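> This is what each chain is made of:
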Amino acid sequence: MDTPRADQSRALETLGRSSGPAGLILSSLADGPKHGYALTKDIESFAGVRLAPGTLYEALTRLEAHGMIEAVESQDRRRPYRLTATGATALTTYLESQRKVAEVGLRRLADSWALT
Amino acid sequence: MTVSVPAPPTGDGGDSRTSQHAALARRLLLWYPRAWRVRYGDEFAELIAAEITERGPCWRRSADVAVSGLRARLAGVGMTGHPLDAGAAARAGLATVAACAATAGLAGAAMWAQLAVGLQWSVPPDRGITLAMDLMSAALLVLAMLGLLAAAPVAWTAAAAAVRGHGRQFRWPAVLVTAGLLVLVVGGHHFENGWPGTGGHLLAPQGSVPGGVAAFGWAATMWITSYWAHPAALGAFPATQIAWMVLCPVAIGCVVTGAVQLLRRAQLSPRALRYEMWLANIAGAELAAFVGGAVVWVLSAGDAGPGAPFRTGAIDRAGLAILAVALLGCAAAARHVRAAAGHG
Chain A
316 MDTPRADQSR
326 ALETLGRSSG
336 PAGLILSSLA
346 DGPKHGYALT
356 KDIESFAGVR
366 LAPGTLYEAL
376 TRLEAHGMIE
386 AVESQDRRRP
396 YRLTATGATA
406 LTTYLESQRK
416 VAEVGLRRLA
426 DSWALT
Chain B
-3 MTVSVPAPPT
7 GDGGDSRTSQ
17 HAALARRLLL
27 WYPRAWRVRY
37 GDEFAELIAA
47 EITERGPCWR
57 RSADVAVSGL
67 RARLAGVGMT
77 GHPLDAGAAA
87 RAGLATVAAC
97 AATAGLAGAA
107 MWAQLAVGLQ
117 WSVPPDRGIT
127 LAMDLMSAAL
137 LVLAMLGLLA
147 AAPVAWTAAA
157 AAVRGHGRQF
167 RWPAVLVTAG
177 LLVLVVGGHH
187 FENGWPGTGG
197 HLLAPQGSVP
207 GGVAAFGWAA
217 TMWITSYWAH
227 PAALGAFPAT
237 QIAWMVLCPV
247 AIGCVVTGAV
257 QLLRRAQLSP
267 RALRYEMWLA
277 NIAGAELAAF
287 VGGAVVWVLS
297 AGDAGPGAPF
307 RTGAIDRAGL
317 AILAVALLGC
327 AAAARHVRAA
337 AGHG
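Taken in order, these protein sequences are the chains called A and B.
Note that my numbering has the first sequence beginning at 316, numbered continuously upward.
Note that my numbering has the second sequence beginning at -3, numbered continuously upward.
The hints are simulated quantities; they were obtained by calculation from the structure and are not laboratory data.
Only some residues are given here: those of chain A computed to face chain B with a beta carbon under 10 Å: (1) H350; (2) G351; (3) Y352; (4) T355; (5) R365; (6) G369; (7) T370; (8) L371; (9) R393; (10) R394.
If you want a taste of the chain B side facing chain A, the calculated C-beta under 10 Å gives, among others: (11) A21; (12) L24; (13) R35; (14) E39; (15) C54.
Since we're looking at a predicted model, the values are computed, not measured.
Yeah, the Cβ is synthetic: ideal placement off N, Cα and C, and Gly gets one too.
Isolated chain A, as found in the complex:
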């Protein structure tokens, strides 16, 4: 039987081709609201990936529709977005599953290849 936690994890995966950018966006928003350009720069700094504008906004649109982020009122034309509680839960589950994969991969590399 699915747990609510598992459902939240799948919520990120159901974003299709936007699920990868969605994980980066939610991680970027975890420390506070950011607008599109700030997101691009932040993601580039911590992930080494430069999200193109179309890709970024496709993911933003879907994340907002799924209630994982919300727009912050702003006088500026560059509207900031912030993480919602739903988004925080989905991100936590997503990152935990990613960490598990990373830990297994690194352990096996260490055992077989002595690379770490």
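Guided by the hints, dock chain B onto chain A, whose structure is given.
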């Protein structure tokens, strides 16, 4: 909570380069549907302009925006994963299923009418042609019935909304459907008389389709013809017939557009949506059966000489290709309706 904002690359000076970047950003926005531009346009244009200022114009960025914009347009008609709410996604997908089915039905009806009229006049040289006609006729009949069954809940929802005083949004689509149908029926009945087979012919019993139905089908699809590529031959047609060949597709366009708009605007219940999906699945199977019948015709009529009534030409092969593409469109949209209904 504070908003972290890096130093903006766009100066506020409003120099010519900045305004060029803003203009380029505005042009790129046109890839997106209007509703998307209203919601995200300003902030997205700001981002693009900032990117251009920092990194210069780049075809990869333009391509990314174009692809995302087209995906947003496809999402708006239920052809890709949808950012809208599940109900809107299901309605958009259903409307696309209806539009694809209408396109396929029209292409099929044009092929069918040619064959039906041919059977009023000639004995087919191959039994496969009669078999093809029976298959195509049965499939079209079922499709027409499915169309009526699908229209019922939509018409009911629109009528109920009108009774409650909320029918304004249905007014224009309903007018389009009614006017289009009126023109089609009256004009079709008038111009079917231009075909001598009207009302049945001496040889009519050899076909499964009544002569009047065949003649009406011919009149309603006579504009789907290769005569458009031969203006000299077309010039020999009576002016009223040419006018009808122009008016008829407009009328059909009105019916399809109005029906699709009604479907998109009607707030169907989840149960009604499931019913419509059930009908859409059957329609898909019927369209596939029709394509099968058409393929049998093309194969059976392969050796017919020029001028033979059952001969297939380039326009029939194009019709078959349109049918196949519309069928694939139906299947793709239906898949997204099912996904949206699953989330609803």
